[in-house]
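J.: So the protein sequences, as listed, match chains A and B. First residue of the first sequence? That's 1 in our numbering, and the numbers climb one at a time after it. First residue of the second sequence? That's 1 in our numbering, and the numbers climb one at a time after it.
Hints are computed from structural coordinates only; laboratory data are not their basis. Fair warning: there could be bad hints in the mix.
In silico lysine-lysine, DSS-like type, Cα no more than 27 Å apart, as pairs [as the list claims (entries may be wrong)]:
no.	chain 1	residue 1	chain 2	residue 2
1	B	K181	B	K219
2	B	K101	B	K153
3	B	K390	A	K39
4	B	K273	A	K157
5	B	K82	B	K483
6	B	K82	B	K126
7	B	K379	B	K420
8	A	K170	B	K26
9	B	K181	B	K101
10	A	K39	B	K140
11	B	K490	B	K331
12	A	K170	B	K208
13	B	K513	A	K157
14	B	K350	B	K400
15	A	K28	B	K420
16	A	K54	B	K140
17	A	K43	B	K448
18	B	K219	B	K77
19	B	K126	A	K43
20	A	K43	B	K140
21	B	K71	B	K532
22	B	K514	A	K157
23	A	K39	B	K448
24	A	K54	B	K420
25	B	K490	A	K39
26	A	K210	A	K220
27	B	K230	B	K208
28	B	K420	A	K39
29	A	K54	B	K126
Computed far set for chain B versus chain A, every beta-carbon distance over 12 Å [claimed, not checked]:
no.	residue
30	H68
31	P72
32	D280
33	H359
34	G369
35	Q393
36	E401
37	K532
Cβ atoms here follow ideal geometry from the backbone N, Cα and C, with glycine treated the same way.
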Amino acid sequence: MIRYIVKRFLANIFALWVIATITFFLMKAIPGDPFTQEKALPKEILQSLYEHYKLNDPWYIQYGNYLQSIARWDLGPSFKYKSRTVNDIISSGFPISAILGFEALALALFFGIILGSCAALKHNQWQDYTAMVIAVIGISVPSFILAASLQYVLSIKLDLLPVARWGTFKQSIMPAIALAALPTAFIARLTRANMVEVLSMDYIKTARSKGLSDIVVIIKHGLRNALLPVVTYIGMLAANILTGSFIIEKIFGIPGLGQWFINSIINRDYTVIMGVTVFYSMILLAAIFVIDLCYAWIDPRIKIEGMKKR
Amino acid sequence: MFRSLFLALIACLIAACTDGERSASKQVLRLNIFTEPPTLDSRKATDSTSAHVLLMLFEGLTRIGDDHQPKPAVAEKILISKDQRTYTFILRETHWSNGDKLTAEDFLYAWQTILDPHFPALFAYKLYVIENAQEVKEGKLPLSSLGVKVLDKKTLEVTLRYPTPYFLELTAFPTFFPVNKKIAQKNPEWASESGAEYVSNGPFKLLKWQHESEIIAVKNSAYWDAQAVKLDQLHLSMIDDTTTEFYMYEMGELDWAGSPLSNLPPEFIPELKKQTTQEDLRIHFYPAAAVYYYKLNTLQYPLNNLKIRKSLAYAINRHNIVEHITQAGQKPATALVPPMPGWQVSNCFKDGNTEHAKHLFLEGLHELGITLEQFPRLKLSYNTNREHQKIAQAIQHQWKETLGIEVELVHFDWKVYLTKISSQDYQIGRMGWIGDFHDPVSFLEPYKFRNDPETGGNNDTGWEHPDYISYLVQAQSELDLIKRAHLLRKAEELLIAEMPIIPIYFAENGYLKKPYVHGVYLSSLGVVDFKKAYLE
Numbered sequence: 001m002i003r004y005i006v007k008r009f010l011a012n013i014f015a016l017w018v019i020a021t022i023t024f025f026l027m028k029a030i031p032g033d034p035f036t037q038e039k040a041l042p043k044e045i046l047q048s049l050y051e052h053y054k055l056n057d058p059w060y061i062q063y064g065n066y067l068q069s070i071a072r073w074d075l076g077p078s079f080k081y082k083s084r085t086v087n088d089i090i091s092s093g094f095p096i097s098a099i100l101g102f103e104a105l106a107l108a109l110f111f112g113i114i115l116g117s118c119a120a121l122k123h124n125q126w127q128d129y130t131a132m133v134i135a136v137i138g139i140s141v142p143s144f145i146l147a148a149s150l151q152y153v154l155s156i157k158l159d160l161l162p163v164a165r166w167g168t169f170k171q172s173i174m175p176a177i178a179l180a181a182l183p184t185a186f187i188a189r190l191t192r193a194n195m196v197e198v199l200s201m202d203y204i205k206t207a208r209s210k211g212l213s214d215i216v217v218i219i220k221h222g223l224r225n226a227l228l229p230v231v232t233y234i235g236m237l238a239a240n241i242l243t244g245s246f247i248i249e250k251i252f253g254i255p256g257l258g259q260w261f262i263n264s265i266i267n268r269d270y271t272v273i274m275g276v277t278v279f280y281s282m283i284l285l286a287a288i289f290v291i292d293l294c295y296a297w298i299d300p301r302i303k304i305e306g307m308k309k310r
Numbered sequence: 001m002f003r004s005l006f007l008a009l010i011a012c013l014i015a016a017c018t019d020g021e022r023s024a025s026k027q028v029l030r031l032n033i034f035t036e037p038p039t040l041d042s043r044k045a046t047d048s049t050s051a052h053v054l055l056m057l058f059e060g061l062t063r064i065g066d067d068h069q070p071k072p073a074v075a076e077k078i079l080i081s082k083d084q085r086t087y088t089f090i091l092r093e094t095h096w097s098n099g100d101k102l103t104a105e106d107f108l109y110a111w112q113t114i115l116d117p118h119f120p121a122l123f124a125y126k127l128y129v130i131e132n133a134q135e136v137k138e139g140k141l142p143l144s145s146l147g148v149k150v151l152d153k154k155t156l157e158v159t160l161r162y163p164t165p166y167f168l169e170l171t172a173f174p175t176f177f178p179v180n181k182k183i184a185q186k187n188p189e190w191a192s193e194s195g196a197e198y199v200s201n202g203p204f205k206l207l208k209w210q211h212e213s214e215i216i217a218v219k220n221s222a223y224w225d226a227q228a229v230k231l232d233q234l235h236l237s238m239i240d241d242t243t244t245e246f247y248m249y250e251m252g253e254l255d256w257a258g259s260p261l262s263n264l265p266p267e268f269i270p271e272l273k274k275q276t277t278q279e280d281l282r283i284h285f286y287p288a289a290a291v292y293y294y295k296l297n298t299l300q301y302p303l304n305n306l307k308i309r310k311s312l313a314y315a316i317n318r319h320n321i322v323e324h325i326t327q328a329g330q331k332p333a334t335a336l337v338p339p340m341p342g343w344q345v346s347n348c349f350k351d352g353n354t355e356h357a358k359h360l361f362l363e364g365l366h367e368l369g370i371t372l373e374q375f376p377r378l379k380l381s382y383n384t385n386r387e388h389q390k391i392a393q394a395i396q397h398q399w400k401e402t403l404g405i406e407v408e409l410v411h412f413d414w415k416v417y418l419t420k421i422s423s424q425d426y427q428i429g430r431m432g433w434i435g436d437f438h439d440p441v442s443f444l445e446p447y448k449f450r451n452d453p454e455t456g457g458n459n460d461t462g463w464e465h466p467d468y469i470s471y472l473v474q475a476q477s478e479l480d481l482i483k484r485a486h487l488l489r490k491a492e493e494l495l496i497a498e499m500p501i502i503p504i505y506f507a508e509n510g511y512l513k514k515p516y517v518h519g520v521y522l523s524s525l526g527v528v529d530f531k532k533a534y535l536e
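Using the sequences and the hints given, assemble the complete structure.
T.: Below you can see the structure in the form of structure tokens.
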């Protein structure tokens, strides 16, 4: 087990290095720099800026500095937001995005699994069709439309919830729903498809013939197997949803991390681009790792190398 | 398990709830500044958001009044020499928000750091009107040769490179603000957070700066003119979505929406213009010192032909565009310099003169020795944005209708676009220009010299004209303001006659405000002063 973890850890470090390197060169390849602006700057001012931000150094020095700063996790100041360091940006934005992400994730899992299970149990009956229509709507309506409609109906027309901003639970309800819609629908469909298959398996028939109730069969025997693909999906989903969504954070004025992924690229804010990309990759790799460990727990048939047989 | 986690989160969030309620007796103005201000160090600020907040917190030697004229502020008396090149500022007895005395040294210190060749200040060029400022920034002269002298603690003498009628307007701008020398020398990062080190000298002081979320500024009792300040607090949200801002305004969570801190959502403007019943949803428009135009690459065939350029300009029906496409109060532009205090806008040609355009176009084709069929497809570039796209499509259509030519629309990400324009890799490109100060020079100067690839610049059209340069040079040393204005007008007329740029419209700013908000000074430069604002 420890050998496995160490091996995965080293592989992840290597993956991070590859990601950081690709990001660095892609970032340098896009035209424009942090100081490109509408009103052209005199040469001497540009020079003093390049010098101050060490953009005059040859690429390999800059690249080396970036790798070092990532290794020390001291990501330096933002080019555009001069009072902010990238570390500040991540440490203040990520918790907010993560709280919102957890809310959305919880919503998506809870309703997704229930919706999917119900649909599978009532396969090809009206409950199934209703659930799947909801799921199709969830998948096809873009989150910004859903967000704007929620705002319009719940805040403007009914005056139930605050329009935007962050700080209270009430303010998190609409963004969480808007964020959760797509994954809920996806999880519902995944659960349903697998559940339908699992429910036709022999061991379920055995369980049923033992006289167990529907609920017990589903929860104890069905879900455990039907959820495997859902678990796979959660890895990706968690990394995405916990690091924030640009569009939802923009619409609801939430000071999370999601906005930085897009804004840093628009601004050519080099240090922020590097910082948030590497941070996102770390979260993603960690999530995948945790999910891999979870497999073994959920499905005894999957064995992790080096782990003792259960 | 997830359910209990969810409940735990709810509990956390409710506990973390800190949303303060608004008390009715206090004068609290709630605004949205759209984004996190990139910096609150006046020396490094370059964007409008930072400038708006800095104007609340700081004050320069002068401050712009409600009549758009600079008024003495930190300076009590201003003496101007006969050649209009030496300004002597006698300062008032004023204090920083921490009680420190503000001296002429604080101004000198701020300006010297900006011009230090190693200090990262994008707007250093705004100080270039000061004698030797550019040479100091280039590292050719030492800091001590800068034309700024501290005669005593309360007297600052500034020598300018040439007479600058708008200098007192510049000194009201953040780049010219003082910085508390004692604090800034001790901690170069003093402006990063709110707290004891963030000291300012303006009508308000910084109470709380929650990054990317909210700024709270409170009345500064140490401000010399504190009795004129009626607001107790300013609450500045950072919501970078115009629709959300509008909804918040509608729901009474904000007292102001739209310009100059943000924009009104373009899709709502036509509706809002129609409604007349609700006072708080009535759009107020005011002119912006800003022009929207197309740059032409005059070095490239076929736009190297003057008649072709002119025909393109005359074939555009600007009236239609502002009435039916942009719909936000813009005015058709047939000149470069927008209306400004003390400047009557020129009318250099007739808008939508399609007959003349057709005629000129045929002559142009003849001069190029080609037929209409041989006329190449033109490329019209703009940065990716729905409003720019709508205008480009309308003009594409108008050119097709009037001249029978094909135009291809191409759009790029903002910085890619700017790089393409500045490397002259374009034929026709959209551009907007906002004045830095109320003087035609702010619009005309950029076209004085054509860019050379070495130094860069703003004139990417490849156009240059000896007479144009000479008018601007003469105007620079002209002390008689009427003669100066005449020279500048001649320059503008020449520029438009040569048509390296096609003016399209002069911008207007629109905003909504609650009927109880009063005393806000708006300037066409996109600057706003809340010093004397009050609620009633």
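J.: Decide, hint by hint, whether the structure agrees.
T.: To see whether the hints hold, each was checked on the structure:
Simply put, K181(B) and K219(B) have alpha-carbon atoms about 23 Å apart, close enough for the 27 Å limit, and the pair holds. Simply put, K101(B) and K153(B) have alpha-carbon atoms about 10 Å apart, close enough for the 27 Å limit, and the pair holds. For the hint pairing K390(B) with K39(A), the CA-to-CA distance comes to about 24 Å; that is within 27 Å, so the pair holds. A threshold of 27 Å between alpha carbons decides the hint, and for K273(B) with K157(A) the separation of about 22 Å falls inside it, so the pair holds.
The hinted pair formed by K82(B) and K483(B) meets the criterion: a straight-line CA distance of about 17 Å does not exceed 27 Å. Straight-line distance between C-alpha atoms of K82(B) and K126(B) comes to about 23 Å, which keeps the hinted pair within the 27 Å bound. Taken as a hint, the K379(B) and K420(B) pair is honoured in the structure, with Cα atoms around 13 Å apart against an allowance of 27 Å. Distance check on the hinted pair: K170(A) and K26(B) sit about 26 Å apart at the alpha-carbon level, within 27 Å; holds.
Between the alpha carbons of K181(B) and K101(B) the distance comes to roughly 11 Å, so the proposed pair stays at or under 27 Å and holds. Under the criterion of a C-alpha separation no larger than 27 Å, the hint pairing K39(A) with K140(B) is consistent with the structure, at around 24 Å. This hinted pair checks out: K490(B) and K331(B) have alpha carbons roughly 22 Å apart, not beyond 27 Å. Under the criterion of a C-alpha separation no larger than 27 Å, the hint pairing K170(A) with K208(B) is consistent with the structure, at around 23 Å.
Proposed proximity of K513(B) and K157(A) is supported: the alpha carbons are some 21 Å apart, at most 27 Å. With a C-alpha separation of about 19 Å, the suggested pairing of K350(B) with K400(B) holds against the 27 Å cut-off. Using a Cα cut-off of 27 Å, the hinted pair K28(A) and K420(B) holds, with the two alpha carbons roughly 16 Å apart. The straight-line distance between the Cα atoms of K54(A) and K140(B) is roughly 22 Å, inside the 27 Å bound, and the hint therefore holds.
Our distance criterion of 27 Å between C-alpha atoms is met by K43(A) and K448(B), whose separation comes to about 17 Å. Annotation: proposed proximity of K219(B) to K77(B) holds, straight-line Cα distance about 25 Å (limit 27 Å). With a CA separation close to 14 Å, the supplied pair K126(B) and K43(A) stays within the 27 Å bound. Of the supplied pair hints, the one linking K43(A) and K140(B) holds, its CA atoms being roughly 14 Å apart against a limit of 27 Å.
Distance hint between K71(B) and K532(B) is fulfilled; the C-alpha atoms sit about 14 Å from each other, no more than 27 Å. Of the pairs offered as hints, the one joining K514(B) and K157(A) holds, with about 20 Å between alpha carbons and a cut-off of 27 Å not exceeded. For the hint linking K39(A) to K448(B), the alpha-carbon distance of about 14 Å falls within 27 Å, and the restraint holds. In summary, the hint linking K54(A) to K420(B) is supported, as the alpha carbons are separated by about 24 Å, within the 27 Å threshold.
Proposed proximity of K490(B) and K39(A) is supported: the alpha carbons are some 24 Å apart, at most 27 Å. For the proposed pair K210(A) and K220(A), the alpha carbon gap of about 13 Å is at most 27 Å, so the pair holds. Simply put, K230(B) and K208(B) have alpha-carbon atoms about 20 Å apart, close enough for the 27 Å limit, and the pair holds. Only pairs whose Cα atoms come within 27 Å are accepted, and K420(B) paired with K39(A) is accepted, the gap being roughly 14 Å.
For the suggested pair K54(A) and K126(B), the alpha carbons sit about 24 Å apart, so the restraint of at most 27 Å is met. Distance check on H68(B): its Cβ is at least 22 Å (rounded) from any Cβ of chain A, clearing the 12 Å threshold; non-interface status holds. With a minimum CB-CB distance of about 29 Å to chain A, P72(B) clears the 12 Å threshold, and the non-interface call stands. At the 12 Å boundary, the C-beta of D280(B) stays outside the reach of chain A, the nearest C-beta of that chain being 15 Å off.
Its beta-carbon lying about 35 Å from the closest one in chain A, H359(B) satisfies the requirement of being farther than 12 Å from that chain. No Cβ of chain A approaches the Cβ of G369(B) within 12 Å, the least distance being about 36 Å, so the stated non-interface status holds. Even its closest Cβ contact with chain A, about 23 Å, leaves Q393(B) beyond 12 Å, as expected for a residue assigned away from the interface. The claim that E401(B) lies off the interface holds: its Cβ sits roughly 31 Å from the closest Cβ of chain A, which is beyond the 12 Å cut-off.
At roughly 28 Å, the least C-beta separation between K532(B) and chain A is larger than 12 Å, which holds for a residue marked as non-interface.
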